[in-house]
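Visitor: Sequence:
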Amino acid sequence: MTKYAIFFDIDGTIIDENSGIIPASCIEGIKQAQKNGHMVFINTGRPFPAIDTCIKDIGFDGYVCGCGTYVKYRGQELLQRTLGNELSQRIVVDLLDHNIDGILEGHQNIYYRNQVISEAVGNIKERHQSMDTGFLKGWEDEKISFDKLAIWTLPESNFQGFEAKYKDTFEFIHRDICFYELVPHGYSKATGIQFLEKHLNIDHCHTIAIGDSTNDISMLGYVGISIAMGNSNPILFEQVNYVTKDIMQDGVYWGLKQFQII
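The opening residue of the sequence shown carries number 10 in the working numbering; numbering runs sequentially from there.
Some clues are possibly wrong.
With beta-carbon atoms standing in for the labels, derived distance ranges [as the list claims (entries may be wrong)]:
#1 Lys40 / Arg90: 28 to 36 Å
#2 Glu165 / Gln117: 13 to 21 Å
#3 Gly230 / Gln138: 33 to 41 Å
#4 Arg90 / Lys254: 29 to 37 Å
#5 Glu165 / Gly195: 18 to 26 Å
#6 Ala129 / Lys174: 45 to 53 Å
#7 Asp103 / Cys214: 24 to 32 Å
#8 Tyr251 / Lys40: 34 to 42 Å
#9 Gly46 / Glu151: 46 to 54 Å
Calculated cross-link-like contacts (lysine-lysine; reagent style DSBU-like; alpha-carbon spacing at most 30 Å) [to be verified]:
#10 Lys146 / Lys176
#11 Lys266 / Lys12
#12 Lys207 / Lys40
#13 Lys176 / Lys44
#14 Lys146 / Lys174
#15 Lys40 / Lys12
#16 Lys174 / Lys65
#17 Lys40 / Lys81
#18 Lys146 / Lys207
If you're looking for bench data, these hints aren't it; they were derived computationally from the structure.
Here a beta-carbon is modelled for each residue, glycine too, at the ideal position from N, C-alpha and C.
Construct the entire structure; sequences and hints are all you get.
Guide: Following this line, the structure appears as structure tokens:
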């Protein structure tokens, strides 16, 4: 049997975004894939501290986090790409000046403004507070340094001004009407896979990715076999090898089954 390296998105792929549930069939499929000799990885836009314990408990071989800015394999940190303190502080000033809310995501800490102005940010902050093990900090932190950021605009935001200032620094991934994910140019979910291919001597043809969102486009377009969840953003459907079932209809399990991984 050919051995594959399989990369899974989290939100909308492993965890249902409405209920917060990981389908039992998803866990079963991932563990069976490992038993069959395949390597399984998380590949997410989330920073490592924001990965739920229930996901880590599945026992993945490694993690690509922050859209390729952080890579970890079997407990060893292989790649860390941070923006540094000076640039991070400058971004905070500009977010405030342009009336934009956001989550500033690092591989050690996650930063929120003290007075959250976006309901979406507030909801995520509450979830992070419930799982916090000391990684939450404020935008005013003098030592602030993060890897990427997610921003939410409001009617009073000057998004165009902010985008014009940082378009040469970040790729702006449009995730939803008022939601953008900002990733440093040169990094993506695809570059994280590419890094592991070189480090672990993985045959590119033997890579699989499963995702559902616009920030998965890079990895789905890069790997040997691409699978979109049935609940995906429809933009993905024409760009993948296979569209599986919805997440709560055992989509991950059937995607792995389709390619004889399990």
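Visitor: Enumerate the violated hints, using their earlier numbering and listing them in ascending order.
Guide: 2, 5, 6, 7, 8, 13, 16, 18
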